[in-house]
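Student: Given next are the chains, with one letter for each unit.
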Amino acid sequence: MNKRLLSGIHLLQGDEACAEGAMAAGCDLFAGYPITPATEVSERLSWRLFDVGGIFVQGADELDSLTIVIGAACGGWKAMTATSGNGICLMQECIGYAAITETPCVIVDVQRAGPGTGVATKTMQGDVYQVRYGSNADYSIIALVPDSPQEMFDLTLEAFNLSEIYRVPTFILADEIVGHMREKVVIPEKVSVVERRKPKVPPKDFIPFKVNSDTDVPPMPAFGEGYRMPVSGLTHTETGSPSTSYEVQKALVERLCNKVEKKVDDLTRIETAFMEDAEVLVLSYGSTARAARRAVIRARKDGIKAGYLRLITLWPFPDPYLKRVVSEGPRAIIVPEMNVGKMVREVERAVGGKAEVISFPKPGVELHRPDEIYNLIRRVR
Amino acid sequence: MKLVHPLMKYVRPGAISTATCTGCGDGIIAQAVLRAIDELELNIDDFVFVSGIGCAGWIPSPFFNADTLHTTHGRPIAFATGVKLARPDREVVVISGDGDLAAIGGNHLIHAARRNIGMTVICANNGIYGMTGGQVAPTTPLGLKTTTTPYGNVERAFDLCALTDAAGASYVARWTTYHARGLTRSVKKALTKRGFSFIEVISQCPLQYGRRTGVGNAVAMMKGYKENSLSVKKAASLSEEELKNKIIVGELVDKDMPELTEQIEKLRRIHE
Ligand SMILES: Cc1ncc(C[n+]2csc(CCOP(=O)(O)OP(=O)(O)O)c2C)c(N)n1
Ligand code: SF4
Ligand SMILES: [Mg+2]
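Chains as they are written, first to last, in the working numbering: chain A, 1 to 381; chain B, 1 to 272.
Hints are supplied without guarantee of correctness; some may be wrong.
[Said to hold, decoys possible] Computed spacing ranges between beta-carbons, pair by pair:
| hint | chain 1 | residue 1 | chain 2 | residue 2 | range |
| --- | --- | --- | --- | --- | --- |
| 1 | A | GLU43 | B | ALA220 | 55 to 61 Å |
| 2 | B | ASN43 | A | SER245 | 33 to 39 Å |
| 3 | B | GLU265 | A | GLU254 | 43 to 49 Å |
| 4 | A | PRO363 | B | ASP256 | 54 to 60 Å |
| 5 | A | ARG197 | B | GLU265 | 27 to 33 Å |
| 6 | A | ASP266 | B | ASN43 | 39 to 45 Å |
| 7 | B | GLN263 | A | PRO202 | 32 to 38 Å |
| 8 | A | VAL248 | B | ILE270 | 49 to 55 Å |
| 9 | A | PRO219 | B | ALA220 | 48 to 54 Å |
| 10 | A | THR244 | B | GLU39 | 32 to 38 Å |
| 11 | A | GLU271 | B | ILE270 | 43 to 49 Å |
| 12 | A | THR244 | B | ASN43 | 30 to 36 Å |
The set of hints was computed from the structure by calculation and includes no laboratory data.
Just so you know, even glycine gets a beta-carbon here, dropped at the ideal spot from N, CA and C.
All chains, full assembly: derive it from the sequences and hints.
Tutor: Below, the structure is given as structure tokens:
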């Protein structure tokens with residue numbers, strides 16, 4: 001199998017589909033450290049990448065792994081790592097480093113139950129803030145949440161593309177259920193792949209971080225292309241020189257955030273059903289959405305005006321979209337999630353009191369059952 | 001006639017003021033590296049310089065007019081590993097401090113030596129955390145009073161050369177900043193080696209080490225290096241007792257072993 005794109009219909013585990021998404025996107029290097037439930041991503045890429053001339057490295061730990069990924073990306077490659085929440089803990093400093101140096105990279109978090117070692121083989125959606133806010137100070141990232149092996153493929157490919165376009169660390173926020181389940185995965189004949197934008201001017205005219213607006217993303221030459229790139233995690237000017245000035249700090253931090261946050265509408269990916277006349281909305285993400293979907297379908301069969309909304313882009317959080325949705329009339333929004341109730345706060349903030357927001361948390365290990373969500377719909381309608 | 005330092009051509013325009021204190025050993029290390037490149041007539045555009053956080057991290061970044069990667073504390077070798085894997089044709093040189101490479105980054109150091117990945121790591125070992133104000137490091141001599149060992153250091157210092165040798169490095173050398181010529185020679189050698197090279201440079205931090213511990217200023221510290229160092233050859237005939245508190249300088253390891261990126265290519269050819 002020395003093809004990058006395995007076009008056809010397959011029966012794949014989510015983690016394997018994720019690996020194939022990376023292959024389709026043109027991933028050159030993968031570095032990772034074994035951890036349940038993400039290990040299968042590593043195992044598959046260890047031979048898939050090798051067979052097409054890419055490189056697989058098993059890092060000395062997760063920190064080593066993400067660091068190697070960033071180094072390779074500076075060398076001009078597309079690179080990815082995959083882990084679970086414990087590994088994300090170790091990666092946090094380098095996530096901020098990738099953000100401030102604007103180095104494209106894809107980080108897969110196949111979430112498991114925690115905190116601590118938790119339950120390695122069971123699911124949870126506990127890392128939603130960890131991937132967004134885990135590194136020190138202010139920056140933005142993109143996080144996409146798959147609900148099936150098919151989306152593990154689709155979204156991993158998309159994560160690479162977005163990471164290149166916006167030059168930000170981009171997360172696949174999967175969970176044990178999606179990572180380990182096996183389903184039909186269709187890999188198309190052709191996929192659209194975004195390549196890194198390189199400078200159009202010769203090195204002598206190139207200013208590494210020069211932008212025209214606070215949402216601009218500068219082109220990125222690789223090491224060895226003659227641009228003498230000064231890459232640094234220090235606050236830097238547009239030439240890459242370290243600076244301690246307030247103006248430089250302000251311009252940099254604002255742009256690191258705005259280049260993602262102000263593009264929220266472009267980045268919003270949502271799946272909906274039965275929205276037109278919905279009075280009670282179930283808003284979910286990831287594997288929880290599979291139960292939510294069944295619950296809403298059953299409610300509709302019973303004549304209840306229930307709607308289904310699944311967030312595929314978790315970060316940047318789709319505030320503008322949700323504001324539009326609540327202006328169209330649902331009275332209540334039920335938010336089932338496998339954590340203490342985290343994203344529900346974002347929903348509350350976005351809808352600003354225009355609808356009642358009801359949290360339905362479960363702390364991991366056990367999924368929400370469709371009947372539990374259905375019963376809640378009945379109660380609040 | 002305007003006099004220009006012969007190595008100025010390697011300095012990034014607009015980056016002339018360095019971050020180091022007067023008398024710091026880091027300047028000698030910077031010159032040794034650039035002089036080695038100059039004498040070998042290598043093209044600086046073929047290099048990627050990677051450094052960590054600490055005073056020594058500022059040796060190449062942003063001053064060397066080349067591709068520079070100023071990383072997080074402790075991680076330059078791991079970043080450099082990524083760079084080397086993506087760009088095996090590049091000369092990858094890591095320059096960083098003893099705390100950076102041996103404390104927080106110790107694991108990366110031993111694994112890079114074990115992998116025998118083609119890069120040169122130069123450790124500016126001042127035996128202290130210079131940047132953060134003179135705290136104890138894993139390289140601080142036993143008994144020394146630092147800002148975090150007010151009653152004296154009770155831990156033994158790492159022998160970084162023995163460590164990297166044991167971990168599998170292809171080339172290991174130790175010098176002090178007094179031995180600028182020997183150091184330059186070793187950098188040249190390291191740059192021509194295929195595998196993992198490690199050079200320890202015992203270096204003065206007159207501010208946080210010399211002044212605080214009473215060892216003296218930069219000149220006094222370098223005099224000490226001169227008086228206390230012995231060549232590898234001389235040291236070979238001395239007893240452990242006689243070698244106590246001595247600095248053994250010179251080449252400690254020089255062997256040829258399969259380099260990582262070449263091994264990957266070889267494996268690829270077998271499977272084609
Ligand atoms: C994760 C992290 N921990 C701590 C620090 C603070 N810090 C900056 S430099 C440094 C020590 C540097 O010592 P060394 O590597 O020996 O370099 P020197 O300044 O002596 O050249 C420390 C602890 C940091 N920047 N990042
Ligand atoms: S604090 Fe010490 S190591 Fe740092 S620049 Fe000053 S003299 Fe050099
Ligand atoms: Mg030091």
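Student: Take the hints in turn and mark each one as holding or not.
Tutor: Do the hints match the structure? See the list:
Range check, A/GLU43 to B/ALA220: Cβ separation about 58 Å, and the 55 to 61 Å hint holds. Between B/ASN43 and A/SER245 the beta carbon distance is about 34 Å. The supplied range of 33 to 39 Å therefore holds. In this structure, B/GLU265 and A/GLU254 meet the distance hint of 43 to 49 Å, their C-beta atoms being roughly 44 Å apart. One distance hint, 54 to 60 Å for the beta-carbon pair A/PRO363 and B/ASP256, holds here, with the actual separation near 56 Å.
Checking the proposed 27 to 33 Å range against A/ARG197 and B/GLU265 shows it holds: the Cβ atoms sit about 29 Å from each other. For the hinted restraint 39 to 45 Å between A/ASP266 and B/ASN43, the CB-CB distance of approximately 42 Å keeps it satisfied. Under the hint 32 to 38 Å, the C-beta atoms of B/GLN263 and A/PRO202, about 36 Å apart, fit the expected range. Checked against the hint of 49 to 55 Å, the pair A/VAL248 and B/ILE270 passes, with Cβ atoms roughly 51 Å apart.
At about 51 Å, the beta-carbon gap between A/PRO219 and B/ALA220 stays in the expected band of 48 to 54 Å. Distance hint for A/THR244 and B/GLU39: a CB-CB separation of about 36 Å, consistent with the stated range 32 to 38 Å. Taking the beta carbon of each, A/GLU271 and B/ILE270 are about 46 Å apart, inside 43 to 49 Å as hinted. For the pair A/THR244 and B/ASN43, the beta carbons lie near 33 Å from each other, so the given range of 30 to 36 Å is met.
Checked against the numbered hints above, the structure breaks none of them.
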